[in-house]
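Asks: All chains should be built: construct the whole structure from the sequences, respecting the hints.
Chains U and L, in that order, give the protein sequences. Going letter by letter, the first sequence gives residues 1 to 560 in UniProt numbering. Going letter by letter, the second sequence gives residues 1 to 560 in UniProt numbering.
No lab work stands behind these hints, which were simulated from the structure alone. A quick note: this is a predicted structure, and the numbers were derived from the prediction, not measured. Please note that the accuracy of each hint is not assured.
Identical chains share a label here; the pair holds if one copy fits it or two copies do between them.
[Claimed, not checked] With a straight-line Cα cutoff of 27 Å, these simulated DSSO-like cross-link-like pairs (lysine-lysine) come out:
{"hint": "1", "residue 1": "K434", "residue 2": "K155"}
{"hint": "2", "residue 1": "K159", "residue 2": "K434"}
{"hint": "3", "residue 1": "K364", "residue 2": "K298"}
{"hint": "4", "residue 1": "K361", "residue 2": "K298"}
{"hint": "5", "residue 1": "K324", "residue 2": "K364"}
{"hint": "6", "residue 1": "K434", "residue 2": "K324"}
{"hint": "7", "residue 1": "K515", "residue 2": "K155"}
The lines below spell out each chain.
2 protein chains.
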Amino acid sequence: MADWKSKAREHVSEVNALIPKEWLIPGTIPSADDQRDVTGYIRQFLTAREIDITEVDAASIVANIASGAWKAKEVTEAFCHRAALAHQLVHCLHEIFFEAAIADAERLDDYFEKKGKTLGPLHGLPVSLKDQFHVKGVESTMGYVGWLGTFQGKKDTGKDKVFESEMVRELRELGAVLYVKTSLPQTLISGETFNNFIGYTNNPHNRHLAAGGSSGGEGALIALRGSPVGFGTDIAGSVRMPASANGIYTIKPSANRLPISDLATSMDGQNTIMASIGPLATSIPAMRLVFRSLLAAKPWLYDPQVVELPYRDELELETRELAKGQLVFGIMEHDGVVTPHPPVARAIEIVRSAIEKLGHKAVKWSPPAHIRAVEILVNALQYDGGLDVHNSFSLSGERVYPQIKGLYGEKPKDTQWTASEIAANNVRSREYQKEYLDYWNSTATITGTGRPVDAWILPAAPFTAARPGRYDYYGYTMIANVVDYTTAVIPVTVADKDVDVKNATYQAFNDIDRKVWDSYDAEIYHGAPVAVQIVGRRFEEEKILVLAEILDKAIGKTEV
Amino acid sequence: MADWKSKAREHVSEVNALIPKEWLIPGTIPSADDQRDVTGYIRQFLTAREIDITEVDAASIVANIASGAWKAKEVTEAFCHRAALAHQLVHCLHEIFFEAAIADAERLDDYFEKKGKTLGPLHGLPVSLKDQFHVKGVESTMGYVGWLGTFQGKKDTGKDKVFESEMVRELRELGAVLYVKTSLPQTLISGETFNNFIGYTNNPHNRHLAAGGSSGGEGALIALRGSPVGFGTDIAGSVRMPASANGIYTIKPSANRLPISDLATSMDGQNTIMASIGPLATSIPAMRLVFRSLLAAKPWLYDPQVVELPYRDELELETRELAKGQLVFGIMEHDGVVTPHPPVARAIEIVRSAIEKLGHKAVKWSPPAHIRAVEILVNALQYDGGLDVHNSFSLSGERVYPQIKGLYGEKPKDTQWTASEIAANNVRSREYQKEYLDYWNSTATITGTGRPVDAWILPAAPFTAARPGRYDYYGYTMIANVVDYTTAVIPVTVADKDVDVKNATYQAFNDIDRKVWDSYDAEIYHGAPVAVQIVGRRFEEEKILVLAEILDKAIGKTEV
Chain U
1 MADWKSKARE HVSEVNALIP KEWLIPGTIP SADDQRDVTG YIRQFLTARE IDITEVDAAS
61 IVANIASGAW KAKEVTEAFC HRAALAHQLV HCLHEIFFEA AIADAERLDD YFEKKGKTLG
121 PLHGLPVSLK DQFHVKGVES TMGYVGWLGT FQGKKDTGKD KVFESEMVRE LRELGAVLYV
181 KTSLPQTLIS GETFNNFIGY TNNPHNRHLA AGGSSGGEGA LIALRGSPVG FGTDIAGSVR
241 MPASANGIYT IKPSANRLPI SDLATSMDGQ NTIMASIGPL ATSIPAMRLV FRSLLAAKPW
301 LYDPQVVELP YRDELELETR ELAKGQLVFG IMEHDGVVTP HPPVARAIEI VRSAIEKLGH
361 KAVKWSPPAH IRAVEILVNA LQYDGGLDVH NSFSLSGERV YPQIKGLYGE KPKDTQWTAS
421 EIAANNVRSR EYQKEYLDYW NSTATITGTG RPVDAWILPA APFTAARPGR YDYYGYTMIA
481 NVVDYTTAVI PVTVADKDVD VKNATYQAFN DIDRKVWDSY DAEIYHGAPV AVQIVGRRFE
541 EEKILVLAEI LDKAIGKTEV
Chain L
1 MADWKSKARE HVSEVNALIP KEWLIPGTIP SADDQRDVTG YIRQFLTARE IDITEVDAAS
61 IVANIASGAW KAKEVTEAFC HRAALAHQLV HCLHEIFFEA AIADAERLDD YFEKKGKTLG
121 PLHGLPVSLK DQFHVKGVES TMGYVGWLGT FQGKKDTGKD KVFESEMVRE LRELGAVLYV
181 KTSLPQTLIS GETFNNFIGY TNNPHNRHLA AGGSSGGEGA LIALRGSPVG FGTDIAGSVR
241 MPASANGIYT IKPSANRLPI SDLATSMDGQ NTIMASIGPL ATSIPAMRLV FRSLLAAKPW
301 LYDPQVVELP YRDELELETR ELAKGQLVFG IMEHDGVVTP HPPVARAIEI VRSAIEKLGH
361 KAVKWSPPAH IRAVEILVNA LQYDGGLDVH NSFSLSGERV YPQIKGLYGE KPKDTQWTAS
421 EIAANNVRSR EYQKEYLDYW NSTATITGTG RPVDAWILPA APFTAARPGR YDYYGYTMIA
481 NVVDYTTAVI PVTVADKDVD VKNATYQAFN DIDRKVWDSY DAEIYHGAPV AVQIVGRRFE
541 EEKILVLAEI LDKAIGKTEV
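Replies: Okay, structure coming up:
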């Protein structure tokens, strides 16, 4: 057995050994054919009390602990148990540190008992973290076998298993309990989640499909209620693709609203497109809770990249006021490059009708061609010709998954982008942003409110969750990274093989469109969640959370 | 005569022909030996009324116009006249558009008369602009002969002499009157101001010395009161060096606080170090006026790079409150690389004693070595091996000044920085910023206030104004660009040959230090202005304007 295989296997064994024996699922896990959806299936291994605790949202959890109704310890144990089960069903964890979490929870309970108050706004809340965060006591492999026993691939830094990322420090200070790090794809650059440790993270709603990526472990874990809220990063859709695929919520803030420094990443220092850090959760209030709490910790005093923008209650209130009158949403049914599959097209229409039922207005969104943004972003990911990711692969000689070979080849390219070429791409990006902003402003002439469009809606992807190996188009999420707009994802419906049939009049825009269209199979996709994105201007997180909440509630009503 | 020479000469003739004959200085301009300081000398060519108008600050000007006491037209004419005289004395203008300015002023007067109110907060205020701004009707050469008749070196874009930069649009909307574009050095990358149009911009306080750069024309023009306020850009000190050299005020905001998009620049798309746009003025209230007015125009809705941070009155007020108690300032006498000349060292002591007289506290500022920041910034300016600037030179084949050859050679380098090398420099920059922030936070343990240091002080340069061809060290200004801190410059004193004698115990840190030290000559520098920088955290412009005001007033008192 190749050295990397045994190293990977050894690490996986060590991690899995941290699951208490009584939490192991007895017998064989049923196949995807036998048990497609495991979101309900998981309940049989939990007590009624554990189900009660794990099936409310983060806002309710902290309220129950703060009122003294629940103890941090029992909450932590319940989520540890459910996360362990989730991992056995869909392979969503990289690192497990239940013991440290339970000890932290006990300390929080002691604090609460002694002081009669909580440590902070997240007191006792279990929070899961994508395996880019550094947490003391555990590895940060980011899915690379060669990173075992190192700090981001470097030996003898004195930092591995000791150093913690800035946001980890803040989360602890706010009272959160950290207990798992979740799976992601090799290199981070994929809408699926796979690596030589966990293999493949499946979609818990439909195990024939992908859990999305790169924050796929977060998506799957939260969908299974193994975590009430977690954090991922997003440079091309990496919190939005998994939220969408797994039927949960997320918000991708504008870059540098939340502290991303000190996280492991790929191609660190590429700064044409800046990644964002954002929460994934089972409700919108849960996202507001963590977002607001983190900003209250003044991250700009500790991460030099974070912009000094506290949570703006006034923007939240102003948006609620605005919503009492008529709002105008732009709607983009498709981006002119790849046609959304039938369930996705239906989700857009559900949202449109919810908007109209509320008395708000939907107008067509016809911005500068998104394909230009896709090119700018793909360029940025290619600057170094794959040198950085191949350096990490070569530390162990591990297998490179075909999805990654498609983007970065078998080895690094001989030449890299030059400074002048990179600068030209930066200028293109800035000019595109400006054109987009001008377009947005120009909608003031068609809304009838005197204001430009308040927010706009587009599919989260052309498919619901993707079929393994077939995440062939990222344009629907990439756009928001290029223009750096705040973007929320809300679940809308699920694919229904009887309703979502292929439109016979379909005509392909191009070869990729045809390829993506051909991947639709009503039978295979049946039951997969479908979401939309709600996009606001840069740094309008407070506003977009309100608008997402309004649409989320309205969709619920139309569904009934 | 070479083609570029005749083109340059022709353009200069056309520009100078726009100066009314009656505004030409009769006879010969006296030599620097005969008339070192022309700041008072210029008055003889002005009426008493013109002197009254041009020697108050921008805040008083708009107040006088808004009250109806002054007309926009007479204010504009007075500044046009004085700017024309200034240009004849120190060569500080690239473009003149007095006629358009006077027509604009007349329209403003009409508006005021008809509506009984001002158009905006800058109604009737003449504002000068560095020749990176695009203004309709005039060239934007940025000092390149080859850019004549083009848009940033490109032909047939349809934009030249038509397109206006975003901030120009906003200034007009706020009621400002635009009338001149000011000189800058070829490439922008110099602390002196020279090019094949204007030759050299001299320091009006001491024409043996440089006016600074790259916003040297702004510095000289404002020192001569040919403008009450103007705008420059700063990527390594380009508003601070000229403000310091010319005895005026400036603030370099953090990047992307004010809209810089659509300005001509060098190496556009280099985004390791982002340039800032900032005002230069004859008072701090003048800077606050334009800063606040521009933010009221919500530039983030028009420039996608601008952060959504309105002017924060609460931060201004909070700082004023804080100042009623004890403030603590860090003081950095030197950066350990280059020793400040005697007048500069004396200026620091004047500020220290002002701080202490006010009952505030001064502590030693000992941050991470500034030389590391200097290296990061110099790297960023070298990424393309000079290709961009040499492309602009080669459009005309014009003479490249020796100061530029020192940095960019006779021709572009054969190789550029690779994507990986640039990414590594970006990571170094981010890590340095983080270390600096950690250091700043750590000062909470020594201030005695429980807070970290409120702001810190350092020289604006090792010299007062530099001697031509001898601007040999930029470290004192570069630091604030690397950490992206808000930095104000306030004038403190003037060099005095009887007081500012070389310290006999001087020991060189290194060869550059020796070279800079050797350039000090008490006789030559006599009368040159000396300034200090006051540095705040990122985006703390409101706070730093208050602290600068407090120190500025206190220095005045100690000077009396």
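Asks: Within, between, both or neither: how does the pair K324, K364 come out at a Cα-Cα threshold of 27 Å?
Replies: within (22 Å within a copy, 55 Å between copies)
Asks: How do K434 and K155 come out at 27 Å by Cα distance, when the copy is not named: within, between, both, or neither?
Replies: between (43 Å within a copy, 22 Å between copies)
Asks: If the cut is 27 Å between Cα atoms, do K364 and K298 qualify within a copy, between copies, both or neither?
Replies: The answer is between: 26 Å across copies meets 27 Å, while 39 Å in one copy does not.
Asks: Is it within, between, both, or neither for K361 and K298, if the alpha carbons may be no more than 27 Å apart?
Replies: between (37 Å within a copy, 26 Å between copies)
Asks: Under a CA distance limit of 27 Å, which applies to K515 and K155: within one copy, between copies, both, or neither?
Replies: neither (43 Å within a copy, 42 Å between copies)
Asks: For K159 vs K434, is the C-alpha pair at or below 27 Å within one copy, between two copies, both, or neither?
Replies: Intra 41 Å, inter 16 Å, cutoff 27 Å: inter-copy only.
Asks: Which holds for K434 with K324 at a C-alpha limit of 27 Å: within a copy, between copies, both or neither?
Replies: So K434 and K324 fail the 27 Å test inside a copy (31 Å) and across (44 Å) alike.
Hint compliance for this structure: hints 6, 7 are not met, and every other hint is.
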